[in-house]
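Enquirer: Could you build the full structure based on these sequences and the hints that come with them?
Heads up: the protein sequence lines correspond to chains A and B, in order.
Start counting at 1 in the first sequence, then tack on 8, and there's your number in the working numbering.
Start counting at 1 in the second sequence, then tack on 8, and there's your number in the working numbering.
A few of these clues could be false.
Taking lysine-lysine pairs in the DSSO-like style, the calculated list, with each CA pair at most 27 angstroms apart, reads [what the hints assert, rightly or not]:
{"no.": "1", "chain 1": "B", "residue 1": "K143", "chain 2": "A", "residue 2": "K188"}
{"no.": "2", "chain 1": "B", "residue 1": "K188", "chain 2": "B", "residue 2": "K143"}
{"no.": "3", "chain 1": "A", "residue 1": "K143", "chain 2": "A", "residue 2": "K80"}
{"no.": "4", "chain 1": "B", "residue 1": "K63", "chain 2": "A", "residue 2": "K30"}
{"no.": "5", "chain 1": "A", "residue 1": "K63", "chain 2": "B", "residue 2": "K63"}
{"no.": "6", "chain 1": "B", "residue 1": "K30", "chain 2": "B", "residue 2": "K63"}
{"no.": "7", "chain 1": "B", "residue 1": "K80", "chain 2": "B", "residue 2": "K143"}
{"no.": "8", "chain 1": "A", "residue 1": "K134", "chain 2": "A", "residue 2": "K63"}
{"no.": "9", "chain 1": "A", "residue 1": "K30", "chain 2": "B", "residue 2": "K80"}
{"no.": "10", "chain 1": "A", "residue 1": "K30", "chain 2": "A", "residue 2": "K143"}
{"no.": "11", "chain 1": "B", "residue 1": "K30", "chain 2": "B", "residue 2": "K134"}
{"no.": "12", "chain 1": "A", "residue 1": "K143", "chain 2": "B", "residue 2": "K134"}
{"no.": "13", "chain 1": "A", "residue 1": "K63", "chain 2": "B", "residue 2": "K30"}
{"no.": "14", "chain 1": "A", "residue 1": "K30", "chain 2": "A", "residue 2": "K80"}
Some residues of chain B that are not near chain A, with every Cβ distance over 10 angstroms (derived) [unchecked claim]:
{"no.": "15", "residue": "A47"}
{"no.": "16", "residue": "S54"}
{"no.": "17", "residue": "Q58"}
{"no.": "18", "residue": "D76"}
Simulated from the structure, these hints should not be mistaken for lab results.
Think of the CB as a built atom: it goes at the ideal place given N, C-alpha and C, for glycine as much as any other residue.
Each chain is listed here by its residues.
Number of protein chains: 2
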Amino acid sequence: MARKVGSVGSVTAEAILTEGCKLFARFGYAAVSMRQIAAAVGVQASAIYQHYPNKQEILVAILNAHMDALLKAWDDEVCDEDAAAALERFVRFHIRYHISRPDEVFLSYMELRSLEDQGFRIIERKRHTYESVAKTILRHGTEDGTFSVSDPHVAAMAILAMLTGVNTWYRSDGRLSQQKIEELYIGMVMGSVGLTAAPKE
Amino acid sequence: MARKVGSVGSVTAEAILTEGCKLFARFGYAAVSMRQIAAAVGVQASAIYQHYPNKQEILVAILNAHMDALLKAWDDEVCDEDAAAALERFVRFHIRYHISRPDEVFLSYMELRSLEDQGFRIIERKRHTYESVAKTILRHGTEDGTFSVSDPHVAAMAILAMLTGVNTWYRSDGRLSQQKIEELYIGMVMGSVGLTAAPKE
Numbered sequence: 009m010a011r012k013v014g015s016v017g018s019v020t021a022e023a024i025l026t027e028g029c030k031l032f033a034r035f036g037y038a039a040v041s042m043r044q045i046a047a048a049v050g051v052q053a054s055a056i057y058q059h060y061p062n063k064q065e066i067l068v069a070i071l072n073a074h075m076d077a078l079l080k081a082w083d084d085e086v087c088d089e090d091a092a093a094a095l096e097r098f099v100r101f102h103i104r105y106h107i108s109r110p111d112e113v114f115l116s117y118m119e120l121r122s123l124e125d126q127g128f129r130i131i132e133r134k135r136h137t138y139e140s141v142a143k144t145i146l147r148h149g150t151e152d153g154t155f156s157v158s159d160p161h162v163a164a165m166a167i168l169a170m171l172t173g174v175n176t177w178y179r180s181d182g183r184l185s186q187q188k189i190e191e192l193y194i195g196m197v198m199g200s201v202g203l204t205a206a207p208k209e
Numbered sequence: 009m010a011r012k013v014g015s016v017g018s019v020t021a022e023a024i025l026t027e028g029c030k031l032f033a034r035f036g037y038a039a040v041s042m043r044q045i046a047a048a049v050g051v052q053a054s055a056i057y058q059h060y061p062n063k064q065e066i067l068v069a070i071l072n073a074h075m076d077a078l079l080k081a082w083d084d085e086v087c088d089e090d091a092a093a094a095l096e097r098f099v100r101f102h103i104r105y106h107i108s109r110p111d112e113v114f115l116s117y118m119e120l121r122s123l124e125d126q127g128f129r130i131i132e133r134k135r136h137t138y139e140s141v142a143k144t145i146l147r148h149g150t151e152d153g154t155f156s157v158s159d160p161h162v163a164a165m166a167i168l169a170m171l172t173g174v175n176t177w178y179r180s181d182g183r184l185s186q187q188k189i190e191e192l193y194i195g196m197v198m199g200s201v202g203l204t205a206a207p208k209e
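Expert: Pasting the structure below:
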């Protein structure tokens with residue numbers, strides 16, 4: 009029976025990114041070898057090179073796929089709404105999206121240092137695109153008088169860091185439900201832009 | 009002339025931590041060898057082992073020194089004041105202290121994964137002590153009615169992440185002075201705990 013090369017190949021390519029992401033997150037990019045990734049995927053090292061010429065391309069592919077999926081997921085979310093509702097939607101979206109992908113999020117902050125020029129430019133541009141989502145919401149809401157924000161750029165960076173920080177302490181079996189965490193952060197974020205939104209108890 | 013062994017030794021021990029910190033921050037703990045650290049310090053690899061029996065002890069010593077210095081610096085800050093003033097002081101302190109030590113801060117978030125049991129417990133306890141500073145300010149301010157905070161634990165973690173996030177984008181030659189950044193964050197933090205503090209323009 010003829011082997012379905014394309015299909016097997018794409019499964020392998022995907023497994024390389026999945027296992028590469030786990031290994032990089034655990035040991036750091038510089039400490040992981042192509043051979044280790046191959047072993048985790050369950051193929052010979054030579055099979056990896058059919059998909060990715062070097063480790064750098066694997067890192068870029070992981071971070072690129074993460075950013076593309078994040079931007080696509082946000083695009084799927086968006087609808088017409090006022091600034092306060094948009095900010096609330098963004099807070100929920102960001103927390104929900106990021107706590108379900110701890111390794112990718114960890115890598116995409118920690119291994120920016122390991123990206124070479126071209127890869128860095130690609131990922132950095134997509135990060136800026138995502139940051140712009142928050143900045144645009146804040147700028148519109150400030151212009152229409154909903155928010156009281158002196159510097160939408162700094163406010164966006166502050167809010168993004170606050171929200172991504174959930175990943176450092178969130179446990180799915182912790183004392184707070186994800187829903188409750190979202191409510192608490194919505195309350196704080198709304199307060200930080202000058203709105204009072206009593207969190208639901 | 010007799011060599012002042014103690015003095016030279018303590019200079020070397022300090023240099024090991026300084027160079028180790030830089031190398032770990034640049035390449036990740038797992039990718040750095042004792043030999044590389046020795047080369048950066050400018051001594052033979054064998055000289056390193058006179059001070060630290062293994063790489064793990066160097067990582068623990070770096071993170072431990074960072075946490076001790078941070079806790080000591082905060083102790084030096086504290087005076088009697090109301091909850092709002094204490095929170096404002098804490099925001100200024102945290103931003104100022106952390107942006108001047110980017111490598112240590114990066115490591116103390118990224119390389120928690122690389123700490124073995126005993127070292128992890130030591131560092132984790134000191135991290136909790138520092139987090140408790142923020143939690144205590146928020147709890148007192150909530151109890152006396154200054155703040156409107158539903159969950160001081162979550163609020164502290166959110167504020168700490170927001171503040172530490174400055175390190176990801178701050179440049180000393182950027183468009184905003186450190187003073188201005190502190191003012192912007194104070195405004196947002198005060199808002200996030202239900203106080204209105206118009207940031208100074």
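Enquirer: Hint by hint, note whether the structure agrees.
Expert: Each hint tested on the structure:
| no. | hint | in the structure |
| --- | --- | --- |
| 1 | K143(B) <-> K188(A) | holds (19 angstroms) |
| 2 | K188(B) <-> K143(B) | holds (25 angstroms) |
| 3 | K143(A) <-> K80(A) | holds (18 angstroms) |
| 4 | K63(B) <-> K30(A) | holds (23 angstroms) |
| 5 | K63(A) <-> K63(B) | holds (25 angstroms) |
| 6 | K30(B) <-> K63(B) | holds (14 angstroms) |
| 7 | K80(B) <-> K143(B) | holds (18 angstroms) |
| 8 | K134(A) <-> K63(A) | holds (21 angstroms) |
| 9 | K30(A) <-> K80(B) | violated (37 angstroms) |
| 10 | K30(A) <-> K143(A) | violated (31 angstroms) |
| 11 | K30(B) <-> K134(B) | holds (22 angstroms) |
| 12 | K143(A) <-> K134(B) | violated (35 angstroms) |
| 13 | K63(A) <-> K30(B) | holds (23 angstroms) |
| 14 | K30(A) <-> K80(A) | holds (23 angstroms) |
| 15 | A47 | holds (16 angstroms) |
| 16 | S54 | holds (24 angstroms) |
| 17 | Q58 | holds (26 angstroms) |
| 18 | D76 | holds (21 angstroms) |
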